[in-house]
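Participant: Chain by chain, the residues:
2 protein chains.
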Amino acid sequence: MALAAAIHRKAAELGKSAVRMTAKAGSGHPSSGLSLAHIVTYLMYRQMRYDPADPWHPTADRLVLSEGHAVPIVYAALADLGATVGRSRNGASRLTPHELDQLRARDSVLDGHPNPAEGVPFFDAATGSLGQGLSVAAGLAAAARLDGSDRRVYVLVGDGESREGQIWEAADFIAERGLNNVCAIFNANGHGQAGPVSPQQSTKHLLAKLKAFGWKAVEIDGHDPQAIARAFRPVGKSAQPVAIVARTVKGWGVAQLQAGNWHGKPLSESELAEAGASLDQAVAGVEPDGRLPAPPKPPAAAEAKRQDPLSVVWPSFGEAMEAAGLGPMLARGKLATRRAYGAALRTAGELIPQVVVLDGDVSNSTFSEMFAAAFPDRFFECKIAEQNMVSAAAGLSAAGFIPFVNSFAKFLSRAADQIEMANISRANLKLVGSHAGISLAADGPSQMGLLDVPFFRAFGTVRGDDRESPLCWLFHPADAVAAYHCTRLMLEQPGMCYMRTHRPDMPLLYDPQTRFEPGGFQVLVGGDDLAIVTAGYMVHVALETAALLAEQKVRAAVIDAYALPIDGQRLTDALQRAGGHALVVEDNYGGGLGSAVAEVAARVGSLRVATLCCQRIPKSTRSAEEILEYCGVGPAQIADHALALLKWPR
Amino acid sequence: MALAAAIHRKAAELGKSAVRMTAKAGSGHPSSGLSLAHIVTYLMYRQMRYDPADPWHPTADRLVLSEGHAVPIVYAALADLGATVGRSRNGASRLTPHELDQLRARDSVLDGHPNPAEGVPFFDAATGSLGQGLSVAAGLAAAARLDGSDRRVYVLVGDGESREGQIWEAADFIAERGLNNVCAIFNANGHGQAGPVSPQQSTKHLLAKLKAFGWKAVEIDGHDPQAIARAFRPVGKSAQPVAIVARTVKGWGVAQLQAGNWHGKPLSESELAEAGASLDQAVAGVEPDGRLPAPPKPPAAAEAKRQDPLSVVWPSFGEAMEAAGLGPMLARGKLATRRAYGAALRTAGELIPQVVVLDGDVSNSTFSEMFAAAFPDRFFECKIAEQNMVSAAAGLSAAGFIPFVNSFAKFLSRAADQIEMANISRANLKLVGSHAGISLAADGPSQMGLLDVPFFRAFGTVRGDDRESPLCWLFHPADAVAAYHCTRLMLEQPGMCYMRTHRPDMPLLYDPQTRFEPGGFQVLVGGDDLAIVTAGYMVHVALETAALLAEQKVRAAVIDAYALPIDGQRLTDALQRAGGHALVVEDNYGGGLGSAVAEVAARVGSLRVATLCCQRIPKSTRSAEEILEYCGVGPAQIADHALALLKWPR
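Protein chains in written order, with the working numbering: chain A, 143 to 792; chain B, 143 to 792.
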């Protein structure tokens, strides 16, 4: 059968190319790529409806390579198809077979693992940290539904990789939502890096698991073009998502790569001839003139609703709170940052149609439920599965949506690796962690966000691609007004932003008109003995401290550092006005605001800064006052540190 | 049947107690506890073989409460049984019903979620961040096998919680190893926090999934004592691990707690009488004199092999490398820190019988394979599932083992939340992340550990319970000698330690006899113009930089800061000797060493410190030199920053 012959010959041809480029690079994973040779060939030449020349086409089918290390075989196909590469439309070019020899080179778009940000827009997300691709595919598929597009999303998952729990979080999400525009192919070559794949990941177990999770699953020979063709037929037609468990051979067609452990090892250039002969042997006798036509064209593009976040006019704080039904609380003068955020999110939903919201079964704590009530179609209840939630959001972002990802700050840490991968993809994620710090008290440390500030601040120390703005902005509002405006700032800043909110309802500190900006801070109280620098809930505690110090004739300024990274020059001036002494106070572990201020001061070399963070692992207490004191950051304790700082010998 | 009646009445009694203590506390989750009333009663009064008065008994059966928020029902049983509580044997006491009213109070051992470290040794690990308990149980069960004990481990998992992928990572691990000493009970009450549990977590789906994962699974009525009794019978007899999917009622017996969403909401004290009456009603007609005898006694204790890490004598560096077969490489003068670590791990295995090693399918990259080859029974190949690996290690630690947990530094971040929960449990984990920083070059950012230093350093800013040593030590060796000695230091320090190792084989910098210590650093080159402070791979780069600066008559000291937190006083002295100027250089994102040095300097107020970290997201390059330059931390670039620092205006 002519098609089968053409697939066979093309698979061998792409295999040669994958073996050659990894040999030239001196590293890479030819054996994993070879196990996918036929599946990738069938997908990219016959199954996917797309135009290799237009990777940005809005409704074209997509391929997510979850086992990112197998990418050379895909690069081989892209070069053969003359696919467009480049970081953006301007400056884009056709990939040539010659460029494959530049795999993994500094100036090549062909990174060691898929990464659209380095210039291969055929991919939607960076992969390589395993187990995340099915979630990205879920996000892309959900986005297609929202846009009313017939796009289908194919995802290649390794058998060893399917040990990652996130794969099963994604399997639940996709089945639950009936996303039958997803097709997952499990590459069962039976070999991991350090040894054989576990029997728990055998084709038998994978099939049983996928069926138990509600998928339509079949097992095939992954090197048989006709079996592959048959397996793809139900995609988009079956009510269930389709899973294909493909038995494959690691190092298919190249005898040298099959003996012993060749995971992640390339051949030497001197071995290329032998490998080529081996691949020729593998397709010997296959009719020679099997040609492949161009891939089928993408479906007609639907008209997607998008709005530039910088072009919209926001209502006033009061109007937004009123619209969200928070008027009465506001009148009582106390409002939690998490509540004001919920109202801001609802406002954002009205103004910007591509804003979508994800939550992990805590929308009645994060108050993303305010958005859910107003825009149920754009709200994704991801249940208790934070890893899938973040990677699915990265998929939604790749499709042009602006996802707000919500959970307790503590539980977002569950997705630390997924958050970093989203940053490598330059995803436009807005993450919001509630119940941050220790002020929730009674529930204890298993519910408290204590490492979120150092974690997200670390991304803020890296510059984004424009080499000016940071890779991530961190916002830490002290009151409802600040929370409202910081939500708007998150939308106005491209790329990742993180905001931490707090549980308690607290008094308002700011005039609704107050201007907030990335990198900014507010001097709430002036003073020339020292400055207490803090953020969020602790601003209220610092104000108490300043009052205590005033009784002792110490004039302490209080600075609300609501954004990181902080404007170093402005901060230096403010600290100099405050006597050149600063005490930085946090309700979390160190490495965050205190470190940021210390780095600013240490450059100047004449300011003196003391940092005071959570002194010990918190436990349950019945009040915020008790837990602050227990952790060494109560008003009186902060005052003692301030007085000690003033007594330091020069 | 008398037993059933006794279980029924006790369940109602414990239910009243759970409702009362949460009302007194003003917070907590009575409704979740009530759904477990009969199962907890049967487990703790009839099924578990243990002595409530001796929670430290080495072979007694254990209970892991994965859905930690349901803990009040367990506290109620512990008080009724007069269980021993306290942080250690000295100072331990019997829990009284009266103390239940202190739930969540500052000075109470009864934290809002289970935490042995706060004084409830009935539990082995802190829970409350969901989805981790089954992995902890896996570690406890694996430990029992190593100790030759007949201990059985019961774990209570919520249905909503079973959406977490980690549950399925643990299900694979337990089934693969045939740990039939584990019994998992899924509490299918059908309600999460924000709404009903997904159909994907229905009893039907849970049963099918558990069977597909290789478990012996049955569905029962979780409020029927006889059904519970029958379901437990195969535990320890069946070849497969046993899973019980129990249909339960959230808020069982208390009508008020069943209408509407009562998740995490206590009743008011004024409602207690009505709730009590409702629970009496639930057991009305049950024969009144059903008494429960004491729980069955634990099996005889096996003799566990343990050795005090401080009591052993380590061979010399050379002997250890020789024994590990690294002699020839050593003779060539170059050895990667990860290889020396592998040899050190093998040595530790010989000296200390309770050292166990876990790896996630990369043992041939982390070189934990050297331990695996020598001690296969104490090596756990956890496959590609880092979350389960870390929580299982926490379980092994609770049973008295010292687990070394290995993966790429990047992939350990997958378990950020599990690592924090292990710290809340005060687990004795030693984590080692290989391929840290950017020096692996070709594989690109998806494989690089760029946030590990700020993450683990954050724990180091918190003091441990002894209020002296930090909660976590971070070690960052620059050569094979340092890696060998730092591995020993990890064993000698109680609690969590993290070491980052690097891929490249590098020249040795240290005499094998060199003394290394927690908090220490080494001045490798003296200089009085400025100090370049760095660690790990970058020490070699800093030495190149110092040579470049010497050509320009700038005398730069080079300081290898191999441990965090760093000794601030000693560092201050060293920096003053180096002209009071320091440039801190890192091959990762900020918030780590640079912040630590800046905080020391900012306290002094007369030192000047510049920090230089990875300036942008890395990509693939073919050499370490290229990626250093790409990220702005090449020798010449560091030299430029050093010269700029010396020119700063005062």
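Hints were generated in silico from the structure; no laboratory data involved.
One should not assume that every hint holds.
Claimed, not checked - Ranges between beta-carbon positions, derived for each pair:
| hint | chain 1 | residue 1 | chain 2 | residue 2 | range |
| --- | --- | --- | --- | --- | --- |
| 1 | B | Pro338 | A | Lys695 | 39 to 47 Å |
| 2 | B | Ala401 | A | Pro649 | 32 to 40 Å |
| 3 | A | Asp243 | B | Asp653 | 26 to 34 Å |
| 4 | A | Ala381 | B | Lys439 | 27 to 35 Å |
| 5 | B | Gly378 | A | Glu686 | 53 to 61 Å |
| 6 | B | Ala401 | A | Lys695 | 40 to 48 Å |
| 7 | A | Glu686 | B | Gly233 | 55 to 63 Å |
| 8 | A | Pro457 | B | Lys346 | 27 to 35 Å |
Unchecked claim - Only some residues are given here: those of chain A computed to face chain B with a beta carbon under 10 Å:
| hint | residue |
| --- | --- |
| 9 | Glu260 |
| 10 | Trp310 |
| 11 | Ala317 |
| 12 | Ala350 |
| 13 | Gln400 |
| 14 | Ser555 |
| 15 | Ile566 |
| 16 | Val742 |
As the structure is a prediction and not an experimental result, all values here were calculated from the model.
The C-beta atom is built at its ideal place from N, Cα and C for all residues, glycine as well.
Participant: Each of the hints needs a verdict: does it hold here or not?
Facilitator: Status of each hint after checking the structure:
1. Hint check: B:Pro338 to A:Lys695, Cβ distance near 60 Å, so the stated range 39 to 47 Å is violated.
2. Range check, B:Ala401 to A:Pro649: about 34 Å between beta-carbon atoms, so the 32 to 40 Å window is met.
3. The given range of 26 to 34 Å is broken by A:Asp243 and B:Asp653, whose C-beta atoms sit roughly 45 Å from each other.
4. Range check, A:Ala381 to B:Lys439: Cβ separation about 55 Å, and the 27 to 35 Å hint is violated.
5. Between B:Gly378 and A:Glu686 the beta carbon distance is about 57 Å. The supplied range of 53 to 61 Å therefore holds.
6. Distance hint check: the CB atoms of B:Ala401 and A:Lys695 are about 58 Å apart, inconsistent with the given range 40 to 48 Å.
7. Range check, A:Glu686 to B:Gly233: Cβ separation about 35 Å, and the 55 to 63 Å hint is violated.
8. For A:Pro457 and B:Lys346, the Cβ-Cβ distance of about 47 Å falls outside the hinted range of 27 to 35 Å, so the restraint is violated.
9. The beta carbon of A:Glu260 comes within 5 Å of a beta carbon in chain B, closer than 10 Å, and the hint placing it at the interface holds.
10. Interface hint status for A:Trp310: upheld, as the beta-carbon distance to the closest one in chain B is roughly 5 Å, under 10 Å.
11. Checking A:Ala317 against chain B: minimum C-beta separation of about 6 Å stays under 10 Å; hint holds.
12. For the restraint placing A:Ala350 at the interface with chain B, the shortest Cβ-Cβ distance is roughly 4 Å, inside the 10 Å limit, so the hint holds.
13. With a least beta-carbon distance of about 18 Å to chain B, the hint placing A:Gln400 at the interface is violated under the 10 Å criterion.
14. For the restraint placing A:Ser555 at the interface with chain B, the shortest Cβ-Cβ distance is roughly 5 Å, inside the 10 Å limit, so the hint holds.
15. The beta carbon of A:Ile566 is positioned within 10 Å of a beta carbon in chain B (closest approach about 5 Å), and the interface hint is therefore held.
16. Interface hint at A:Val742: satisfied, since its Cβ lies 9 Å from the closest Cβ of chain B, which is below the 10 Å cut-off.
Of the hints listed earlier, those the structure fails to meet are numbers 1, 3, 4, 6, 7, 8, 13, in rising order.
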